[in-house]
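S.K.: Place chain R on chain G using the hints.
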Amino acid sequence: EVQLVQSGAEVKQPGESLKISCQVSGHSFSDYWIGWVRQMPGKGLEWMGIIHFRDSDTRYSPSFQGQVTISADKSITTAYLHWRSLKASDSAIYYCTCAVHGTTWFDPWGRGTLVTVSS
Amino acid sequence: QSALTQSASVSGSPGQSITISCTGTSSDVGGFNYVSWYQQHPGKAPKLMIYDVTKRPSGVSNRFSGSKSGNTASLTISGLQAEDEADYYCNSYMTSSPNYVFGTGTKVTVL
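Listed in order, the protein sequences are those of chains G and R.
For the first sequence, position 64 (counting from the first letter as 1) is numbered 64 according to the numbering used here, and the numbering increases by one without interruption.
For the second sequence, position 19 (counting from the first letter as 1) is numbered 19 according to the numbering used here, and the numbering increases by one without interruption.
Pulled out of the complex, with its shape left as it was, chain G reads as follows (with noise of 0.2 Å):
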């Protein structure tokens, strides 16, 4: 069985970096994308990219293309989610998602990582 485990939840203030992390167990080959997915308070679901582990193929959503970036590393099977300089409106639940390559659809889901962003 496929699962993905998310990072601890984290407070940070406005300007500091971050790296929260989704660790994929149960998969026997490489061949998957991991995509990042946003979900601000009472708001509805966002990509944000998509990340392809074989080979780090990264494509990513003209909103956050130079606000965040996401990485992999295949030796441990996790994915990344990385900001440079956080702001109060990043805030929000950030899901992790896979799709086996050549599938449309992303399942399962990790259970989601609280930032929450406060000076």
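Wrong hints could be hidden among the right ones.
Once the Cα atoms are required to be at most 30 Å apart in a straight line, the calculated DSS-like pairs of lysine-lysine come out as [to be verified]:
id	chain 1	residue 1	chain 2	residue 2
1	R	Lys107	G	Lys43
2	R	Lys44	R	Lys55
3	G	Lys12	R	Lys44
4	G	Lys43	R	Lys44
5	R	Lys107	R	Lys47
6	R	Lys55	G	Lys19
7	G	Lys19	G	Lys74
8	G	Lys43	R	Lys55
9	R	Lys68	G	Lys43
10	R	Lys44	G	Lys74
11	R	Lys68	R	Lys55
12	G	Lys12	R	Lys47
13	R	Lys68	R	Lys47
14	R	Lys44	G	Lys19
15	G	Lys87	G	Lys43
16	R	Lys107	R	Lys68
17	R	Lys44	R	Lys68
18	R	Lys107	R	Lys44
19	G	Lys87	G	Lys12
20	G	Lys19	G	Lys87
21	G	Lys19	G	Lys43
22	G	Lys43	R	Lys47
23	R	Lys47	G	Lys74
24	R	Lys55	R	Lys107
25	G	Lys74	G	Lys12
26	G	Lys43	G	Lys12
27	R	Lys44	G	Lys87
Since the hints were made in silico from the structure, they are not lab data.
As the structure is a computational prediction, the values presented were derived from the model and not from experiment.
M.R.: Just chain R now, with coordinates in the frame of chain G:
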């Protein structure tokens, strides 16, 4: 790329059927048979309910069904149950980065 358009809320009584629509363009919903639907209960992660427009993952009730006509996809929940009360999001493949777009979300209320 704008979010796909869903009605904000839909309600129904137990046992009834409801349909949630998801409208996009020929660049996403209308251009590919790659629409999926996700259910999200409050405080929980989304759960895949339908993929490739009409297919149901193992373990998902057959009360959930999907369809598509032109640029609009639909999710139908038949025999509505209290546990179906949740937010539902459509998602479509598209050619532009990041290759996927969500709908605006629909809140389903069981009366």
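S.K.: All the hints need checking, so say for each whether the structure fits it.
M.R.: Here's how the hints hold up against the structure:
A distance of roughly 11 Å separates the Cα atoms of Lys107 of chain R and Lys43 of chain G; the hinted pair therefore holds under the 30 Å criterion. This hinted pair checks out: Lys44 of chain R and Lys55 of chain R have alpha carbons roughly 23 Å apart, not beyond 30 Å. A distance of roughly 23 Å separates the Cα atoms of Lys12 of chain G and Lys44 of chain R; the hinted pair therefore holds under the 30 Å criterion. With a C-alpha separation of about 14 Å, the suggested pair Lys43 of chain G and Lys44 of chain R falls inside the 30 Å cut-off, and the hint holds.
Between Lys107 of chain R and Lys47 of chain R the alpha-carbon distance is near 15 Å, which keeps this suggested pair within the 30 Å criterion. Under the criterion of a C-alpha separation no larger than 30 Å, the hint pairing Lys55 of chain R with Lys19 of chain G is inconsistent with the structure, at around 36 Å. Distance check on the hinted pair: Lys19 of chain G and Lys74 of chain G sit about 17 Å apart at the alpha-carbon level, within 30 Å; holds. Simply put, Lys43 of chain G and Lys55 of chain R have alpha-carbon atoms about 27 Å apart, close enough for the 30 Å limit, and the pair holds.
A hinted pair counts as satisfied when its Cα atoms are at most 30 Å apart, and Lys68 of chain R with Lys43 of chain G qualifies at roughly 25 Å. With a CA separation close to 28 Å, the supplied pair Lys44 of chain R and Lys74 of chain G stays within the 30 Å bound. The suggested pairing of Lys68 of chain R with Lys55 of chain R holds, with an alpha-carbon distance near 12 Å, which does not exceed 30 Å. Proposed proximity of Lys12 of chain G and Lys47 of chain R is supported: the alpha carbons are some 29 Å apart, at most 30 Å.
For the hint pairing Lys68 of chain R with Lys47 of chain R, the CA-to-CA distance comes to about 20 Å; that is within 30 Å, so the pair holds. For a cut-off of 30 Å, the pair hint linking Lys44 of chain R to Lys19 of chain G stands: about 22 Å separates their Cα positions. With a C-alpha separation of about 18 Å, the suggested pairing of Lys87 of chain G with Lys43 of chain G holds against the 30 Å cut-off. Taking the CA atoms of Lys107 of chain R and Lys68 of chain R, the gap is about 20 Å. The hint holds against a cut of 30 Å.
Between the alpha carbons of Lys44 of chain R and Lys68 of chain R the distance comes to roughly 27 Å, so the proposed pair stays at or under 30 Å and holds. Annotation: proposed proximity of Lys107 of chain R to Lys44 of chain R holds, straight-line Cα distance about 14 Å (limit 30 Å). Only pairs whose Cα atoms come within 30 Å are accepted, and Lys87 of chain G paired with Lys12 of chain G is accepted, the gap being roughly 9 Å. Restraint check: the Cα-Cα separation between Lys19 of chain G and Lys87 of chain G comes to about 14 Å, which is no more than 30 Å; the hinted pair holds.
Of the supplied pair hints, the one linking Lys19 of chain G and Lys43 of chain G holds, its CA atoms being roughly 23 Å apart against a limit of 30 Å. Pair hint Lys43 of chain G plus Lys47 of chain R holds up; C-alpha atoms about 17 Å apart against a cutoff of 30 Å. Between Lys47 of chain R and Lys74 of chain G the alpha-carbon distance is near 25 Å, which keeps this suggested pair within the 30 Å criterion. A distance of roughly 22 Å separates the Cα atoms of Lys55 of chain R and Lys107 of chain R; the hinted pair therefore holds under the 30 Å criterion.
For the hint pairing Lys74 of chain G with Lys12 of chain G, the CA-to-CA distance comes to about 28 Å; that is within 30 Å, so the pair holds. Using a Cα cut-off of 30 Å, the hinted pair Lys43 of chain G and Lys12 of chain G holds, with the two alpha carbons roughly 21 Å apart. At roughly 25 Å between alpha-carbon atoms, Lys44 of chain R and Lys87 of chain G fall within 30 Å of each other, so this suggested pair holds.
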